[in-house]
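Asks: Using the hints provided, position chain B with the ligands relative to the given structure of chain A.
This is what each chain is made of:
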Amino acid sequence: MRITCPHCGERDRREFYYRGAAVDLDRPAPDAGEKAWDSFVYLHDNPAGETRDLWYHEGGCGAWLVVTRNTVTHAVLKTELASQARS
Amino acid sequence: MRFSGLRVLKEGLTGNKGWTPHWRDPEPKAEYDILIIGGGGHGLSTAYYLASEHGLTNIAVLEKGYIGGGNVGRNTTIVRANYFLPGNSEFYSHSLKLWEGLEEDLNYNVMHSQRGVINLFHSDGQRDEAARRGNMMISQGDDAILLGRDDLRNMLPYLNYDSARFPIYGGLYHPRGGTARHDAVAWGYARGADQRGVDLIQNCEVTGIDIANGAVTGVQTTRGPIRAKKVAMVAAGRSGQVAAMAGMRLPIESHVLQAFVTEGLKPCIDHVVTFGMGHFYISQSDKGGLVFGGDLDFYASYAARGNLPTVEHVMEAGVTLMPMIGKAKVLRSWGGIMDMSPDGSPIIDRTDTQGLYLNCGWNYGGFKAVPGSGNVFAHLIATGNYHENATGFRLDRFRTGRGIIDEEGKGSQHNLH
Ligand SMILES: Cc1cc2nc3c(=O)[nH]c(=O)nc-3n(C[C@H](O)[C@H](O)[C@H](O)COP(=O)(O)OP(=O)(O)OC[C@H]3O[C@@H](n4cnc5c(N)ncnc54)[C@H](O)[C@@H]3O)c2cc1C
Ligand SMILES: [Zn+2]
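As they're listed, the protein sequences go chains A and B.
For the first sequence, full-length UniProt numbering gives the first residue as 1, with consecutive numbering after it.
For the second sequence, full-length UniProt numbering gives the first residue as 1, with consecutive numbering after it.
Just chain A, same shape as in the assembly (with noise of 0.2 Å):
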């Protein structure tokens, strides 16, 4: 798997931190409750497919990207900055 950082180029995926799903970018307001807590830090909606997940280029820029990827092929479909994923 490799995936193309945007500042770096394409890289192998060992230089890459993952962090799990897109999500984050969506935190709630701290007085939120517990449902929509529990939804952003718990529940997933783990999809067999398309998803789009937050890797940290670590080994490299040290910038966080949004990768949307394919779960079940394994496949990267596109590589963005998360600072602009999320503006």
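No lab work stands behind these hints: they were computed from the structure.
From a predicted model like this one, the values you see are computed outputs, not experimental measurements.
Worth double-checking, as some hints may not be accurate.
Claimed, not checked - Simulated restraints on C-beta separations:
| hint | chain 1 | residue 1 | chain 2 | residue 2 | range |
| --- | --- | --- | --- | --- | --- |
| 1 | B | M324 | A | C61 | 24 to 32 Å |
| 2 | A | R27 | B | Y161 | 30 to 38 Å |
| 3 | A | Y56 | B | E205 | 51 to 59 Å |
| 4 | A | K35 | B | Y161 | 36 to 44 Å |
| 5 | B | P323 | A | T73 | 34 to 42 Å |
To be verified - Some chain B residues well away from chain A (every beta-carbon gap over 10 Å; in silico):
| hint | residue |
| --- | --- |
| 6 | K97 |
| 7 | N109 |
| 8 | D124 |
| 9 | I145 |
| 10 | R196 |
| 11 | G240 |
| 12 | L250 |
| 13 | I252 |
| 14 | A303 |
| 15 | E408 |
Every residue gets a Cβ at the ideal spot worked out from N, C-alpha and C, and that includes glycine.
Replies: Below, chain B with the ligands without anything else, positioned relative to chain A:
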């Protein structure tokens, strides 16, 4: 048909013509009392214990592929009860006791081999941790022996004791741990359930779960709709998709774990040896192949195959620990879809939907749990009460934060286990 030594002899002398299929291949009926979604180890053992311990037999197990095609036939077969935390330790202890009577109970040779599991340690701090874990195992009623370097060297002369990074200080030895033949476990439970009247329906994918007025009424499948009063979801790595059919989102992320086997060699590794610091563990199958694995690939995946970095890592760790295996040729490698829970412990519970039950979150350790999980889950489904050895596996522990069972002390968060 019952298996016995006499029978094997007779069949051997008469051309093996008297063996019959181990289970029927029935058409699904329109309605059952209980439906079990998933014909893996846990689904099959649940059906078996519902029939054998609770006398419930109007049951079907619905399997989208074939019996034994999931993780139950993909794991590295380690069976042990060396857990530390309350919640886990009494459960795995219960499961190991069931393993010890399993072959007679099922009248089936699952090749359960209590060859001993040894967890290596590499520092004074780790020795203290191993001693503490060993004491917990003993106080649970199981067995543990703390081995120093010299004792261990007598047992396992082939390890590299003086690696600069992880010199071996000793090992925690769990003599009752060992291995079993994974397919035989699936087949034995399948046969036992079938003999007691359970219908095993293969090539039958569940595509929908029917709910009316807050209660489950049946399922939709690729072989037509089937009604039922109770439905149990036991789909391991596919739990997320199955639960979604009931409108649920689960605290589960599916990851890939790989395993490897070499060509058959003469007996050389007599135990299960785990090298936690290197992410490597190994045993030798009865056919002679070295069966080994390491850690997850560490990204969500349903591919049932992994990537090369993990392959390389596992091989490096293996050769560092046991230089002698360097020349063995790897024959095969594969992956399985693991249902990872946030705290690394399973979920065996009812759901908010009346009659709908959930069993998942087995991570990379659900093979040893096959007897125990089916046994306590059957108890829950049949009686409505949690089994005394499985009171901790609640689904709501993540939401409430009460009763988290974080065996490794890593934190209750996906991607840490
Ligand atoms: C490489 C590897 C090594 C492992 N090593 C060990 C080990 O050494 N010791 C240990 O204790 N554990 C180990 N495990 C973990 C263990 O194998 C699993 O935790 C356990 O097998 C999961 O439970 P199961 O047997 O019921 O799963 P499975 O056999 O995967 O059963 C689930 C079944 O559900 C079916 N299903 C899914 N969706 C549907 C649907 N919609 N309709 C109908 N059926 C459906 C699937 O086809 C599958 O057959 C390992 C796993 C892997 C992959
Ligand atoms: Zn980069």
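Asks: Indicate, hint by hint, whether the structure satisfies it.
Replies: Now the hints, each set against the structure:
no.: 1; hint: B:M324 - A:C61: 24 to 32 Å; verdict: violated, 42 Å
no.: 2; hint: A:R27 - B:Y161: 30 to 38 Å; verdict: violated, 48 Å
no.: 3; hint: A:Y56 - B:E205: 51 to 59 Å; verdict: violated, 37 Å
no.: 4; hint: A:K35 - B:Y161: 36 to 44 Å; verdict: violated, 53 Å
no.: 5; hint: B:P323 - A:T73: 34 to 42 Å; verdict: holds, 37 Å
no.: 6; hint: K97; verdict: holds, 32 Å
no.: 7; hint: N109; verdict: holds, 36 Å
no.: 8; hint: D124; verdict: holds, 30 Å
no.: 9; hint: I145; verdict: holds, 38 Å
no.: 10; hint: R196; verdict: holds, 34 Å
no.: 11; hint: G240; verdict: violated, 4 Å
no.: 12; hint: L250; verdict: violated, 7 Å
no.: 13; hint: I252; verdict: violated, 6 Å
no.: 14; hint: A303; verdict: violated, 5 Å
no.: 15; hint: E408; verdict: holds, 17 Å
Against the hints set out earlier in the document, violations occur for numbers 1, 2, 3, 4, 11, 12, 13 and 14.
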